[in-house]
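Below, each chain spelled out in residue letters.
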Amino acid sequence: MLKIKDLVVKVEDKEILKGVNLEVNTGEVHAIMGPNGSGKSTLANVIAGKEGYEIVSGEIWYKDINLLELPPEERAKLGIFLAFQYPVEIPGISNATLLKTAINEIRKARGEEELDAMEFLSLMREKMKLLEMTEEMLSRSVNAGFSGGEKKRNEIFQMLMLEPKLAVLDETDSGLDIDALKIVANGVNLLRQDMSDRAIIVVTHYQRLLNYIIPDFVHVLYNGRIVKSGNKELALELEAKGYDWLKSEDKVTV
Amino acid sequence: MAEIIIKKNKIDVSEWYLKNFEILEQHNNGSIPDFIKTIKKISLQKLIDIGFPTQKVEDWKYTNIIQIIEKNFKPSNLTEYWKNSEIIEKSKRAIESDQIISNLSSLQLVFIDGHFIEQLSNAQKSQNLELLPLQKALKEKTEIIQNHFNKYAQIENGFNALNNLFFSDGILLNVKDNTIEDEPIVVIFIQSGEEEQIINPRNLIVVGNNSKARVIETFISLKNIPNFTNTITEIFISENSFLEHFKFQNESLSSYHIGKIQTQLEKNSNFTSHNFTFGGLITRNDINIVLDGEGAESHFYGLYFVKDKQHVDNHTLVDHAKPHCLSNEFYKGILAENSRGVFNGKIIVRKGAQKTNAYQSNKNLLLSGNAKIDTKPQLEIFADDVRCTHGATVGQIDEDSLFYLRSRGIDEKNARSLLVNAFANEVLYNMTFEPLRNKVSDFVIEQMNQILQKLDK
Ligand SMILES: Nc1ncnc2c1ncn2[C@@H]1O[C@H](COP(=O)(O)OP(=O)(O)OP(=O)(O)O)[C@@H](O)[C@H]1O
Ligand SMILES: [Mg+2]
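Chains as they are written, first to last, in the working numbering: chain A, 1 to 254; chain B, 1 to 457.
Treat the hints as calculated values from the structure; they're not laboratory data.
Note that the coordinates shown come from a computational prediction; the quantities given were computed from them, not determined experimentally.
You may find that some hints are simply not true.
Some but not every residue of chain A turned toward chain B, in silico, with C-beta under 10 Å [what the hints assert, rightly or not]:
#1 P72
#2 G92
#3 N104
From the derived model, a few chain B residues whose C-beta atoms are all more than 10 Å from chain A [as the list claims (entries may be wrong)]:
#4 M1
#5 K40
#6 E86
#7 K90
#8 L129
#9 P133
#10 N338
#11 I381
#12 E434
Cβ pair distances, simulated, as ranges [unchecked claim]:
#13 B:Q55 to A:K18: 55 to 65 Å
#14 B:G352 to A:E132: 51 to 61 Å
#15 B:D400 to A:K18: 21 to 31 Å
#16 B:I381 to A:G242: 56 to 66 Å
#17 B:I445 to A:E132: 31 to 41 Å
#18 B:E337 to A:E132: 43 to 53 Å
#19 B:T432 to A:K14: 43 to 53 Å
For each residue, glycine too, the CB sits at the ideal point set by N, CA and C.
Based on the sequences and whatever the hints tell you, model everything.
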């Protein structure tokens, strides 16, 4: 589903990604771990199409489509979704407006009919309930005045509404208490119920999220490269040993 | 073009206006009340003395009005296009299709080139609400006119004097004591554009005790040719009363517009102003208020959204003359293409006006590298127990917000338009009159889409 080849990315003349290779197949859940500043968010943003990055070399293929040629909105319409590490606050645009516009644009692109107001509202209610969100959040501005946890929950809410094919979750667990973590993980696992045309990439620092969203593969992104890949045991190992031991190793595949 | 003489702080009034005033006097042939004659006489002398402001005058630093004075605008008092049935028909259609004021109210007064058009108006009379054309009121409502007309608006510049000399028509609204009028009163000034004219609308609004009303003034033009609108509205609000006033400057992009709203507040009264500038080549608004009774409250909201080579200058003056008053001001501007904005918010707290609360904020969004805004608060505080805050910002569309929306599948154009609308909404939220708020919000989106479409080409 997603194939990243030798991706080198610069930000303001500084090389951040130094040759990333990653292949994610339909049906799989991948976790990407790694220390602060190793380039995890950069990778997630480049997949989603954020501007301001210089793609020095490499390719990103999504179902035989060259992603790097597409603007972010086209990627979203193809089913790519990024849950932001730091969701922005947008005063003046309500959550409901954002979602209604987004859903209808995506549906239009898929050749589906727009949802009418009633269908839309009942869909929103259903998903909000799953995430234990209150309905008044719909009329509030996007993330404005939301607590850290509420923002993350809102990202997952949007994800459930948009039903992406490829979901990239950038540290959706950070800042969540244990109850919120479970709710968010449940949300992700709902998406996981049907993986027939879907894959999920979870960026995290902590093993604890992976107790709830059990990954098929775990990768370590270190200093702009994937230096180690393995199964869920790797996450436990990282939790126990930290990242320092990786410094001494070259790229190792378990 | 008029011969004009420019001195350091003053542009002399041109022969053109003096000559036309003489013609008008002969035309009127003594049919105006004596005290109005006196006002005109004083105003004429004042106009000759002070002329029109140059940019050396601090309050006009960023707004150059020479091109307005240079043009020989024909005073609309002396034209008769308003009698033409085709123009009346065209005006009717313009009102019906107007995005802002169509179908808003059953109370509506229409003026074409400054003249009252009875057949397009509906000034229902009731015992507690007097609503009639000012020219008629000058003859019929002499008491209220003598008590209030020209009592609040001072001559601060030549334009104000010019209005006193040439004012044609407008409304008198007299809301009597203990009257709650729910139906908004819509006042429409139409420039026919048949000739390069100056119209001088003049309104007087008087609200008695314990009363409430809502007035919507709008300015539109039928043709895109240079016209000049020079308008004054005076407002007096008695104790415990509330007036909400809206102004829409929606004239063509070739028009010049100088407008003044002067309000006097008594004890525990409340004035809320919503000031919108979308049209006009050069627009200057002076919105002034004196909080002249304890417990009075004023709210100034403004939104300017301009493009092309438009220039909009909003000067506001909040004068806290008595203690325990509150003033709140929130102006936002969206400036596209080569447009230019000026915001100057002056707050005076007089000696003895203790326990004053005054807030002011001006935020601007520049949509192009060529757009420009000069924004300045101006505080003059002579009391010591005062709470006063002000702030101004100038920014562009936030790139992170833009990416966030696009990452959800929303096209760049659509995302930009949503963000601009969101910026505007922050001030539109203060419009409690929902039908109007929705119309303005739609208007803002459409304006944005037009600008974005141009960018594509
Ligand atoms: N816009 C930018 N301008 C300058 N430097 C940037 C920019 N974006 C990222 N960087 C730098 O790139 C490096 C990688 O950042 P990135 O956010 O991808 O790391 P991360 O792995 O997500 O870290 P964290 O775990 O803290 O979220 C950091 O050194 C960061 O400072
Ligand atoms: Mg990160």
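Exercise. Does the hinted range 56 to 66 Å hold for B:I381 and A:G242 at CB?
Worked result: Holds, at about 59 Å.
Exercise. Between B:T432 and A:K14, does the C-beta distance stay in 43 to 53 Å?
Worked result: holds, 51 Å
For this session: Take a quick look at B:P133 and tell me if its Cβ sits farther than 10 Å from every Cβ on chain A, holds or violated.
Result: holds, 40 Å
For this session: Kindly confirm whether 21 to 31 Å is satisfied by the beta carbon distance between B:D400 and A:K18.
Result: holds, 25 Å
Exercise. At the C-beta level, are B:Q55 and A:K18 separated by a distance inside 55 to 65 Å?
Worked result: Holds - the Cβ-Cβ distance for B:Q55 and A:K18, about 57 Å, lies within 55 to 65 Å.
Exercise. Was B:K40 rightly flagged as not at the interface, with every chain A Cβ beyond 10 Å?
Worked result: Given that every Cβ of chain A is farther than 10 Å from that of B:K40, nearest at about 48 Å, it holds.
Problem set entry | Least C-beta distance from B:M1 to chain A larger than 10 Å | holds, 46 Å
Problem set entry | Outside-interface status for B:E434 - nearest CB in chain A farther than 10 Å | holds, 15 Å
Problem set entry | Range hint compliance [Cβ, B:I445 to A:E132, 31 to 41 Å] | holds, 34 Å
Problem set entry | Given as non-interface: B:L129, which should sit over 10 Å from chain A by C-beta | The claim stands: B:L129 keeps its Cβ more than 10 Å from every Cβ of chain A (closest is about 36 Å).
Problem set entry | Distal placement of B:I381 relative to chain A, Cβ over 10 Å | The claim stands: B:I381 keeps its Cβ more than 10 Å from every Cβ of chain A (closest is about 31 Å).
For this session: Take the C-beta atom of B:G352 and the C-beta atom of A:E132, compute their distance, and say whether it sits inside 51 to 61 Å.
Result: holds, 56 Å
Checked against the numbered hints given earlier, the structure satisfies every one of them.
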